[in-house]
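So the sequence lines, in the order shown, correspond to chains U and L. Take any residue in the first sequence, count from 1 to its spot, add 41: that is its number in our numbering. Take any residue in the second sequence, count from 1 to its spot, add 21: that is its number in our numbering.
Hints listed in this document are in silico derivations from the structure and should not be mistaken for laboratory results. Do not rely on the hints blindly, as some may be mistaken.
Between beta-carbon pairs, the in silico distance windows are [as the list claims (entries may be wrong)]:
#, chain 1, residue 1, chain 2, residue 2, range
1, U, ASP136, L, ALA164, 49 to 59 Å
2, L, GLY149, U, GLU132, 21 to 31 Å
3, U, PHE44, L, ILE109, 37 to 47 Å
4, U, SER120, L, LEU114, 48 to 58 Å
5, U, GLN75, L, LEU118, 56 to 66 Å
6, L, GLY82, U, ALA135, 20 to 30 Å
7, L, THR84, U, ASP165, 50 to 60 Å
8, L, GLN69, U, LEU170, 37 to 47 Å
9, U, ARG74, L, GLN65, 33 to 43 Å
10, L, GLY149, U, GLU87, 45 to 55 Å
All C-beta atoms, glycine included, are put in the ideal place defined by N, C-alpha and C.
Chain by chain, the residues:
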Amino acid sequence: MRFITALSFVVLLSGCAPLDSHVTEGASQLQLRQIQTREYDAITKERALRAVLATMQDLDFVIDKADLDLGSVTGTRLSHVVIKMTVIVRERGADGVAVRANANLNDRPVESPESYQSFFTSLDKSIFLLQNKVD
Amino acid sequence: MRLIMAALLLALAGGCATGPALLFAVPPDNLAQRQIQTRVFATQDEKQILAASAAVLQDMGYTLEESETRLGVLTASKMADATSGVQIGLVILSVMLDGDHHHQQVAVDKEQKIRATLVVLPRQGGDGYAVRLTLQRVVWNTAGQVSRTETIKNNEVYSDFFDKLGKSVFLEAQRL
Numbered sequence: 042m043r044f045i046t047a048l049s050f051v052v053l054l055s056g057c058a059p060l061d062s063h064v065t066e067g068a069s070q071l072q073l074r075q076i077q078t079r080e081y082d083a084i085t086k087e088r089a090l091r092a093v094l095a096t097m098q099d100l101d102f103v104i105d106k107a108d109l110d111l112g113s114v115t116g117t118r119l120s121h122v123v124i125k126m127t128v129i130v131r132e133r134g135a136d137g138v139a140v141r142a143n144a145n146l147n148d149r150p151v152e153s154p155e156s157y158q159s160f161f162t163s164l165d166k167s168i169f170l171l172q173n174k175v176d
Numbered sequence: 022m023r024l025i026m027a028a029l030l031l032a033l034a035g036g037c038a039t040g041p042a043l044l045f046a047v048p049p050d051n052l053a054q055r056q057i058q059t060r061v062f063a064t065q066d067e068k069q070i071l072a073a074s075a076a077v078l079q080d081m082g083y084t085l086e087e088s089e090t091r092l093g094v095l096t097a098s099k100m101a102d103a104t105s106g107v108q109i110g111l112v113i114l115s116v117m118l119d120g121d122h123h124h125q126q127v128a129v130d131k132e133q134k135i136r137a138t139l140v141v142l143p144r145q146g147g148d149g150y151a152v153r154l155t156l157q158r159v160v161w162n163t164a165g166q167v168s169r170t171e172t173i174k175n176n177e178v179y180s181d182f183f184d185k186l187g188k189s190v191f192l193e194a195q196r197l
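Use the sequences and the hints to build the structure in full.
Structure, rendered in structure tokens:
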């Protein structure tokens, strides 16, 4: 009897726990892209990436990977939580770039718009400093 | 009494929680931090500074994890001792005070992994290069658990590093 009960539990649970569904899951694609992306004019990909690096250092990140060709930077910040962030810079239009950031906090995706707004506010400052001969 | 405890807990929790709006906001002491973590070198050769930086990291026992010279980035890491005399002293003291009632094994810090990122940034108008260092550590205790993860903010560590880098840049320029 016990065996049958256990077996029926297994059958029931196998129906509702699709492990693979998490592989490609995510928040609404378009909405998330809008929250995580900002466009900048009159800046090269290389300068934008240098500004991203400066911003991430301002925010106490150590850089795990940086790739100019792909336009990507990934970093880790350790405080009382572990934050991982990837930023991708792509050329957009004649002389502009689109910067997209996505972050994980303790291995969970950060999806709050305020977080990304604060990141881009910090990046705005770094780009201004980099482009305007201020120390 | 209960109210005071609850208020205390709230105050404590409020202090350590970071709201989403502050998650990636530059901290108020950023300018001071940046100055501590940055040194300017009056050279025109970015690759030379990166080579000197890699050499000085090797001098200190770090191995390279990542580099992208076209963006002036180096990341390196090393394992090091994390034993603290003060911590061990406190454990001995607590065992002595607790006498026979002490049955629990107390874990103390044992080893740490230090990660360093160094970014070279060209200064405006071809006026040399700024080198900025960021350091962080993960500490494990004698029970094999992570006891601490943090950004290293000790000014002396940074000035010590840049003194060594200054010498390394000189040696690199002289090809020594």
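Results of checking the hints against the structure:
For ASP136 (chain U) and ALA164 (chain L), the hinted distance range of 49 to 59 Å is satisfied, since their beta carbons lie about 56 Å from each other. In this structure, GLY149 (chain L) and GLU132 (chain U) meet the distance hint of 21 to 31 Å, their C-beta atoms being roughly 29 Å apart. Range check, PHE44 (chain U) to ILE109 (chain L): about 54 Å between beta-carbon atoms, so the 37 to 47 Å window is missed. For SER120 (chain U) paired with LEU114 (chain L), a C-beta distance near 30 Å fails the hint of 48 to 58 Å.
Range check, GLN75 (chain U) to LEU118 (chain L): Cβ separation about 59 Å, and the 56 to 66 Å hint holds. A beta carbon spacing of about 48 Å between GLY82 (chain L) and ALA135 (chain U) contradicts the range 20 to 30 Å that was offered as a hint. Between THR84 (chain L) and ASP165 (chain U) the beta carbons are some 36 Å apart, a value that contradicts the proposed interval 50 to 60 Å. Checked against the hint of 37 to 47 Å, the pair GLN69 (chain L) and LEU170 (chain U) fails, with Cβ atoms roughly 24 Å apart.
A C-beta distance of roughly 41 Å is found between ARG74 (chain U) and GLN65 (chain L), which places it inside the suggested range of 33 to 43 Å. Taking the beta carbon of each, GLY149 (chain L) and GLU87 (chain U) are about 19 Å apart, not inside 45 to 55 Å as hinted.
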